[in-house]
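Enquirer: In order, the protein sequence lines correspond to chains P and F.
Mapping of the first sequence onto this note's numbering: residues 1 to 324, in sequence order.
Mapping of the second sequence onto this note's numbering: residues 1 to 487, in sequence order.
The hints are simulated quantities; they were obtained by calculation from the structure and are not laboratory data.
Careful, some of the hints might be misleading.
Taking CB as the label site, the calculated pair distances span [said to hold, decoys possible]: (1) ILE239(P) x SER138(F): 26 to 36 Å; (2) ASP129(F) x PRO132(P): 43 to 53 Å; (3) ARG292(P) x VAL379(F): 48 to 58 Å; (4) PHE359(F) x LEU282(P): 37 to 47 Å; (5) GLY87(P) x GLU220(F): 44 to 54 Å.
Selected chain P positions facing chain F (in silico; Cβ < 10 Å) [said to hold, decoys possible]: (6) LEU166; (7) GLY170; (8) ARG303; (9) MET315.
Heads up, the beta-carbon is just placed ideally off N, CA and C, and yes, glycines get one too.
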Amino acid sequence: MENAQLIAVLASIILQASPLIIAVCGEILTERSGVVNLSLDGTMLMAAMTAFVVGLKTDNIWLGFAAAAVIGAIFAAIVALGSIRLGQSQVAVGFVLALLGDDLSAFLGQNYTRMRGVSVPHYGIPVLKDIPVVGPILFDHDVVVYFAMALIVVTWWWLNRTQPGLKLRGSGERPTAAFARGVDVNRLRYLYTILGGALVGIAGAAFSLDVKIGWSDGHIRGTGWIALAIVIFGGWSPIRGAFGALLFGATKALATVLQRAFPEVSVVAFNSIPWILMILVLLAVGSDYTERFINAMPRGWQRPLRRVLRVSPPMALGTPFHEG
Amino acid sequence: MHVELRDIRKYFGHVKANDGISMVLEPGKIYALVGENGAGKSTLMKILSGYQPPTGGEILLDGRPVEFHSPADALAKGVGMLYQDPLDMPPFRVIDNYLLGRDSRVRLNYKDARTELENLAQRYNFHIDPNATIDSLSMGERQQLELVRLLAGGAQVLILDEPTTGISAEQKEILFESMRKMTREEGKTVILVSHKLEEVQELCLYAYVLRRGRLEGEQELPCLNEALVEMMFGQVPQRTRRPAFAVGEPVLELQDVSIESYQLNIPNINLSVRAGEIFGFAGLEGSGQRQVMQVCSGLLSPTGGRVRLNGEDVTGWSFHRRQRDGMGYVPAGRLEEGLVAGLTLTEHLVLARPDKKFFVDWKANQVEMGERISTYQIVGRPETTADALSGGNQQRLLFSLLNTPLKLLLLEHPTRGLDVRSADYTWQLLYKRREHGTAILFISADLDEIIEHSDRIAVFSGGVMSRVLDTQSTTAEELGHLIGGQA
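The following block holds chain F by itself, in its conformation from the complex:
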């Protein structure tokens, strides 16, 4: 099926998630849609699969303009989407899950459905037991089932969102082979949304690159990874000269840390962050940097290796114990993980204080919060609830709640979603912390930010950490190489 997107726009308030994207997708080809988190990939694919209507623009299927009223409507017109977490029914049997919504007859025809399911599965070399329950299947098998369901529903255009996360190598091979078959032999159109550039290069003929809601470029594949990375991140600027800062003793040390999870194996991380140093983790989302950060904070236990804080072995310590020992942590999900939506700023302060008194002196805390509000320039009052604050102010609130002094500060995407002024202010605060000898370790998807602010950088790719780079002597090309997974 020939697909054309014309000037697709999707606005959420002031945020332009998609800002005039046009692309053409021809039958019989596998396309890649790449871009950093927040570039607008999911929004665009949700529009193409009927989950949300665009604010403006047009979708043409085989030259005819169409409008999708729901995902089911989109599938009926030929577009199906496989989500990273497949939209199936975990407690159902495979066959029931397959049948749900299949037709409108009241009685279920198990016999025909079983034959149909088995034939389709066989065609793509999938192995699915129709009587198993879905929650007993692996992620790869659930994907296979969902693909079969979409194909049976008449999908001519298939969108796969990060399909290789959490599946085994063999299942990945089967999946790729099936995608090749669908396009080469059956003339379907396949779109692969992925962060993993090696896979994109291996499988796709053509890539569309999104950046900040716009189509940044398109590219025949395979090509050099740097070409894609450059489009994804933009030109990586050379960093502005910053006064050198004398760093002190090692604060955080990782020794042979390894982490195993069903998604990713991260072997042998060795790292040392010193007092007064700013250390950046770069890499495409999902390359392992988040897990390493969580091991540093105590939210995740490593499968091997030691973690040391100020020379003391804290490997077995809980998050709270490390916090009491001078660690601060600012998570990416400000309202989800960092703050409690319905509590006021003063109540947050009371919760954050290291001394846990049974009776709370509300007056004193109210005054204290008032002072912190002016110090940290938060637009809000002590009795405002956290969810009423804007993103930038929530970030400032999180900073204001950190205890002083801190030996180690861990941050995930410290300026994500903030406007330029708030982002600048955030970094001012961080520099002030550094002057007091706090070691700062942060993750960012924004390469500009990493280059601008880190003293040293480690790049993650597929769970492997590069050697540690000194920012002064690192070139943009070098970073591009490493992010693309080429050593």
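So here's chain P without its partners, still in its complex pose:
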């Protein structure tokens, strides 16, 4: 493969992964606070459709993004209300919303399929984009990509280096202990569920206004489930989650390359590569074997290795919290 071609493939992996990264960061914020929003697939479809239609009608992509964020926030608010206020199962509410969003977006968007609309402008960052190799891969993109990159850093920083981030994680790990330290656990869960949902909505818009421009029935069906899987794969960390999204994109690109090299093998076989990889990693991470592997390493390495390899979900994930 030519160098230029390789660079183009890498740049496209980053572009393709960006909306996924945004959704993953949003869901990480939600889940770290102790709430599972399973509605992602439906939310993203609804958001993608809404963003495209609003963008088309107003001729303004930013209004499209804003509308998508609102849709995401509303879906998330239903999950939050159902689980925090009404004590319903988060899994059930989210799951039904996922199905609802799918069909509702198909119905509401049926008159807008396969139309030309607005799209996110391309913006190469001056100077940086001219760096050989790295420039075109990282810095010659649409704003959606820069937003995703910034979001990884900000989310990580917020979670790990700020007081509100500690409170957020505390609510997802051990809400009673967080409450004892003055955290209003349920208010905080509302907040991050809705914020996370808004980001998921933006991710949906990033598809229909940038990465996969336009709208059609079932436009990005399945993407929400992929994002949920990547959250787990990434061990609820934005950096590992972003890495997971990129790896997912890379294996898909690899599948395309392999497809060209082995035309006699069915496409479907190559499409399953990312999933096989993901299930293997999920089974390996946090298993006894990982622990044994870590213990066999030199003492000085064990702590950092454990932090990288050992993954556990927020302990109170999916469980309601009652004060007192």
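With chain P held as given, fit chain F onto it using these hints.
Expert: Showing chain F alone in chain P's frame:
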């Protein structure tokens, strides 16, 4: 800080967990709060630390009445509580756990926090690595961290709930030393909630004793253990004469059984319970009687020794295998361990039957359950779910599900939480079992119950089982001695 509780009341429905408790706690002293399980200690301490509001009564700090809106609010006003299982964040690093809720600035100041944490730890001779994760710490280290956090948060009054359960002897020494320092040198007020009377005697200046939600008495320490035991349990009555019952062959035998766990080491238990005998385990909660009971039932494997059922070695047998062999077990947590909340009575019966048929004859089982409901006087119907029953009826349901005949019946707190009538009825049922030759072994925190119903008694204290006492020839004083851990 001078603390005064005035007429604190806490009612849960009809249950009076705290019924007008008043006490005064002065700065610079370590106080003990003792009482049996269910006496109202935790409720009272939860009120004093802001976890729940009282139904009535007043808390005064340094003479001013205060109201706590949350635990954080209580800490801000100077009262902090260390739980038996410290309220920390297991996957967090020590330093992050320390910082959570520390102040309201957005950015975390690791440098200052680290210095602060290390200085405080050093003052009390604690050793905590700020970069370790909490789940890699021992229980003692987690306590130390939590104490440091409470002190940094401004605690002038510290409540420690059973702090010595699950920590090593050295850590216990460090903890006690730190409590002495906090009171003698720093003028803080410390309250120790404990079951372990030796520790209370060693450490505290003054004891408040709760019993059934009321303040039963107060006492300068150290004193004789019996004085405390008597306040905790009330006057131990002499047992009423009961017709002697001819006991048969040994049913359950423990031979040199030892149990080691991180909480407690229980060495060398030798015991034999015979057919038709009622055998009681007495002792303060957490003294080892529960573990021994679990070894008898097969829920816990002993680290050494043999268990025999009807002469057969069943040491390696599972709970279910022993059950099939004629053992019955009624746990303390009726709804948690014994019953399935959402299942109906008939469904419970089907689950409990020894014959496991694939197809269930629901009609026949419904009829059978109906009969058992009337035999055992359960207020409920075959289609009622177990969680809809009252405590007494849940207990009757558990009894009705036991198979007949039983060789051995193990019970934990058979009448806890029951009213007098239900408790009496429970014992009637047990006596009927005994007439059929069932050997009965039970744990109870209620000394009256043990004296009233057991043929023989073993007392546990700190994992050590006393010699087996014959109830007929045992005096209340003797029991008090043994429970307090004095041989």
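Enquirer: Hint ARG303(P) vs chain F: min CB-CB distance below 10 Å?
Expert: holds (8 Å)
Enquirer: In this structure, is the beta-carbon distance linking ARG292(P) and VAL379(F) contained in 48 to 58 Å?
Expert: holds (55 Å)
Enquirer: Interface hint check: MET315(P), Cβ to nearest Cβ on chain F, cutoff 10 Å. Holds or violated?
Expert: MET315(P) check passes; min Cβ-Cβ to chain F is 7 Å, inside 10 Å.
Enquirer: Verify the CB-CB distance for PHE359(F) and LEU282(P) against the hinted window 37 to 47 Å.
Expert: The hint (37 to 47 Å, Cβ to Cβ) holds, given that PHE359(F) and LEU282(P) are roughly 39 Å apart.
Enquirer: Starting from the range 26 to 36 Å, see whether the pair ILE239(P) and SER138(F) falls in it by beta-carbon distance.
Expert: Hint holds: Cβ distance 31 Å, inside 26 to 36 Å.
Enquirer: Hint validation: LEU166(P) versus chain F, beta carbon distance must be below 10 Å. Holds or violated?
Expert: holds (4 Å)
Enquirer: With a cut-off of 10 Å, does the beta carbon of GLY170(P) approach a beta carbon of chain F closely enough for the hint to hold?
Expert: Because about 5 Å separates GLY170(P) from the closest Cβ in chain F, which is inside the 10 Å limit, the hint holds.
Enquirer: When you take the CB atoms of GLY87(P) and GLU220(F), is the distance between them in 44 to 54 Å?
Expert: Given range 44 to 54 Å: holds, Cβ gap about 50 Å.
Enquirer: Against the range 43 to 53 Å, how does the distance between the Cβ atoms of ASP129(F) and PRO132(P) compare: consistent or not?
Expert: Once the Cβ atoms are compared, 46 Å apart, the range 43 to 53 Å for PRO132(P) and ASP129(F) holds.
No hint from the list above goes unmet by this structure.
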